[in-house]
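Those protein sequence lines, which keep their order, are chains A and B. Residues in the first sequence are numbered from 57 upward in steps of one, following our numbering. Residues in the second sequence are numbered from 8 upward in steps of one, following our numbering.
FYI, nobody ran anything at the bench for these hints, they're computed from the structure. The structure presented is a predicted model; accordingly, all values stated were derived computationally and were not measured. Don't be surprised by glycine CBs; every beta carbon is placed ideally from N, CA and C. Hints may be right or wrong, so weigh each one.
As the list claims (entries may be wrong) - Away from chain B, derived, C-beta distances all over 10 Å, residues of chain A: (1) 156; (2) 158; (3) 160; (4) 171; (5) 183; (6) 219; (7) 252; (8) 267; (9) 273; (10) 276; (11) 297; (12) 314; (13) 327; (14) 369.
To be verified - Facing chain B, a subset of chain A residues (Cβ under 7 Å, in silico): (15) 210; (16) 214; (17) 217; (18) 225; (19) 301.
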Amino acid sequence: MSDRQQIQISIDRPWNWKDFFFQWEWMLVAILLLVIIGNSMISPWFLTWNTFIRTPATFLDKAFIVFPMMFVIILGKIDISVGSTVALSAVIMAVSYNLGLPMPLAMLLCLLVGTLGGAFNGFLLVRFKELSFVIVTLSSMIIYRGIAYIILGNQASGGLPQWYSFLGWGEIAGIPFILICFVLAATAFGILLHRTTFGRAVFGMGHNPRTCRHSGVNTDRVIWVVFTLNGLMAAVTALFLTSRMGSTRPNVAMGYELEVIAMVALGGVSTNGGIGRIGGPVLAVFIVGFLSYGMGLANLQAPIVLVVIGALLILSVLAHRIRFVGKKKRNTAA
Amino acid sequence: MGTTKKSIIMILVLIMAFAPLALFAGGRSEAADAERHAFIFKNTGNPYGEKQMEGFAEGIREQGFEEILRAPDQPTAEAQIQIIEQLMAQRVKSISITGNDFDALQPALTRAMDQGITVLSADSAVNPASRQVHVNQADSEMIGRTLIQAAYDMADGAGEIAILSATSQASNQNLWIEWMQKELAENPSKYADLELVRIAYGDDLRDKSVSETEGLLQSFPDLKVIIAPTTVGIAAAGRVITDRGLIGEVHVTGLGLPSEMAEYIENGACPYMFLWNPIDVGYLTAYAATALMNGDITGAAGDTFSAGRLGNFEVVPAGDGGTEILLGAPFKFEPSNIDEWKDVY
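Only chain B is shown next, with the shape it has when bound in the complex (with noise of 0.2 Å):
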């Protein structure tokens, strides 16, 4: 009882201490005239992100403004919202968001906009109706069909092909995916011994992915290559396949990180992958979102504007009915350049 007792009053004690200064809180004013510009991704913890993140930043701070950058702890739509909300009563002046979900997020979305905040996806799209711009590393279709043709490539032309992806609702991802399929199905006679097994998600986390990557393993002993379109993926698979002493057998490809995926292009799990500078995507983000917000751009085809140290770029229109940003063409690394890129991203 004398615990209670104490611990009770201690608590009042507290509270009365501490009330002046939060009256004293609620009067700061002076944050809200700061410009600040917010960046969500997908979860916490994935490498391309922070990249992402970092690049944003830097084009944040080049022009001037502040940024907040924000992930939740698990990859889905429910957390995002709640950050969306959280962004929103902080009146930020912009939310770019790499999105967990094509359509879940458009009811937050749409009100952030409402309330007049510019709104944009970078990397993983959101629905049309829930953006102003959508602000693309490369070209879905290009990405999709260069790694189909990779795995042909490292098949021999012959043999079980498998994807390990991210979440099931990542619509980059899935986009990819697509235009994956369509290669297959629209060149039978080429690709008429290569089958695709199954498309595994490991959710870009770092457990699934190795849990997912050895399940393939183990439901499809003839498989010959593994493409993970998503970095934290094809790093789970490089890790599997150089551990169970399958380099050579199994081939891994897709789009990686050059730092975390330096090791297996070198000891040969990896012959070579794709990727573009998420740095960049990050900075563009950047210059897009002010653009909008100042109404350098707005949005619709044609506008174009100027994104810093990457030169001008142009709104053109996406597969999905909106309009995006292409950054430009992925990158192949290989054994030959991967030592240059690996200290870079």
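Only chain A is shown next, with the shape it has when bound in the complex (with noise of 0.2 Å):
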């Protein structure tokens, strides 16, 4: 029984309702109706359409890393630089723009800018196999952070234009602007995971790299393109939280790595890789999301606000873990 005969069985088995209903998404959504829930509890203003619709655009700015990051997760690795990758191109945006860049162009600036830093750890990646992962993108986290203070100091860099604001407070009927952004990207990465040749390649690589080196795929390829989706999604994180905030700084962002990575893998996929799929990250979003939004509604102290999700996260992993040993051994009867 290798994981390879597993995914296949997974793809090729004809559709039955136990499969159906025995996925860890439904877990996620049972997890969600019981933070919707206990929060609607301990807070009266919970339960209103403007949780709903209006507070995803508070939690939400980070999420957009959430789908290229579940792509290097399945790869079976991590890229921890994403959180100084938002910091650089931020910086860049903001300080370009106040040197005369039109704002357009420096939108594009930034997103060029994530765009390379993560095509640099691709790049690494790919020269040097010898490196690894958590080294590079250590590094890279580090170094492009001190770029980022190489460039604006201590200071922080704002004065953007006005229509700027729209990207992270804006609505298109009553929707904001961010949750509509954040549906197409989750639609377009689940496309490109779940229904493409290069989704196939990238959990094919997650089980075995050499098996699929040898059958044909391009692993390098792989690497690189998916490092450099993280980088550019980084960039978009930037753009949306500059927008919130209307100013940016060399220290924001920090730490956005572990919330996304937290998120991965609170959506189930797998940290051993080849495993995951596009609805699980997404419900990990509004789950943790919701979670430390209903906790502030009844103003709980932010402490405990950390120590609540961090349970979440090693009590999910578990039953995912006991759920995923069940399913094994179902598989291997059939």
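Hints are included, so try docking the two chains, each in its own frame, into the full complex.
What follows is the structure, encoded as structure tokens:
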């Protein structure tokens, strides 16, 4: 019973209700419902239209990195440089605007910086295979934040045009713009992961990179593209975050990489690689977001919120493992 | 597989059990009518902030209202924006905030004001467009100039001095540092031999403040005085100077809590330091918030109001173009008086 056979089973087996209902995503749906119910019990302000439509704007900025990070983790790797990439691209955007670059170009520059940052990680990993991905992204994490500090020092850079605040605060037909973008990004990354050969190659490499290489997959290219996407989406986060704050500084997005990785793990993506579905992390984003928002509405102090989220993460990963072991047995029997 | 089925069934049962409760909870509405006033500090784990919140709670309760005290786990504007959103959803009457960033809170705070919530800053200001008034401890100019004069006195007029601040975006600290630099620049002959060698940022975190102090000592072996205009920083600096056996060689001064600094004032690491009463800052903020909400004042210069046990106050123009309410002059803590204050705050 190899891992490879197991994906085949999950891909090729005809639809049946057991497979459908025994998915981790349903567990996440249940947790999300529990969070919503728990929140409405501790705060009378929670169960409102506003909470479900407007609140996501307060926590979705970092959620854009969740998608490419999911690819990275399915590959069996990790990228801890994204928080610094956010800071670097945000700082370069704000500074170049203040030096006279028109805002649309500054935004493009922001995306370009993030993309290059991610591509540089990919380049190092592909070119120097003996380097561990942890060391490579740890180094770029330090370097990117360092460059941001060199550019701006201990300052903030703001004064961005009024229309730019639409990104983080604007609404179209009552729905926050950032929520619409999040749904679009989720759809695009979902298709990329589950409906393309590229997505299949990512899963395959997570299971067994060598087999993949021998069966003609350009594994170097896959790594390169995935890390580049991670950088690009970090820059997208930088656009939204800067818009919400109206200014930026070299120490923004500190610790975002860990929050993002936590959401991906909660979403049922195995850190051993090869396993994960797009719906999981999407649900996880809302679980963590609503959980901290709801506890905030009840005016619980910040450290309590941190402990609860940490506990949720470890419990759910444990629960996931129990379920996964169960599923393996069933597959063997089949 | 058995476990999965069981756990899923368990969760479904739980959901069904809680669902009626949730509907019940949704119907609670009397809490909406209670007048609640919120205070947001920079971050948790800051004794100065806790005293300030204590004073705010006292002032709000005295007037028969309910207080909400909040602080994020990290001293960032991002985290404070999330708290502002949560308070808006609860329809609090007023938000008083000790800002982590001068400008970055503007989008969130203007939204709160549009919703009819009274918004003011306390201790560390947000920009004039994001507030109705600022409650300031003491005249920033006086604090900045006094601290440089203290350093001059401790260094005997010559040598290297350094500043250990909070975060680089903390607007109150930045304003004081600006006045320190002005004091130096405007009196070139007096301070000719006094050199400000570095401004370090300990982010109001204990570990970072300690390592920044050690960094200062390492980079500048001849350092004479460390000015820490933040309670976390000054305590960290006092600790490091004491542990390294540098008492008498490097002096610490700045703004500190008497309860935390008593040890270092008594052992000589800190000859003297300054502070106002943070409890009073919170208390004054509470009365300013309700006065604004009731329409007793609008936040325009010249408005006057009464703040409980502290007496009457007047709104005055602030250096940043907005208006502010000043608590009073800073108080000097030295070996002769530290004993009576160290148990107070």
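To see whether the hints hold, each was checked on the structure:
{"no.": "1", "hint": "156", "verdict": "holds, 20 Å"}
{"no.": "2", "hint": "158", "verdict": "holds, 21 Å"}
{"no.": "3", "hint": "160", "verdict": "holds, 20 Å"}
{"no.": "4", "hint": "171", "verdict": "holds, 23 Å"}
{"no.": "5", "hint": "183", "verdict": "holds, 35 Å"}
{"no.": "6", "hint": "219", "verdict": "holds, 13 Å"}
{"no.": "7", "hint": "252", "verdict": "holds, 30 Å"}
{"no.": "8", "hint": "267", "verdict": "holds, 29 Å"}
{"no.": "9", "hint": "273", "verdict": "holds, 33 Å"}
{"no.": "10", "hint": "276", "verdict": "holds, 36 Å"}
{"no.": "11", "hint": "297", "verdict": "violated, 7 Å"}
{"no.": "12", "hint": "314", "verdict": "holds, 12 Å"}
{"no.": "13", "hint": "327", "verdict": "holds, 21 Å"}
{"no.": "14", "hint": "369", "verdict": "holds, 16 Å"}
{"no.": "15", "hint": "210", "verdict": "holds, 3 Å"}
{"no.": "16", "hint": "214", "verdict": "holds, 5 Å"}
{"no.": "17", "hint": "217", "verdict": "violated, 13 Å"}
{"no.": "18", "hint": "225", "verdict": "holds, 6 Å"}
{"no.": "19", "hint": "301", "verdict": "holds, 4 Å"}
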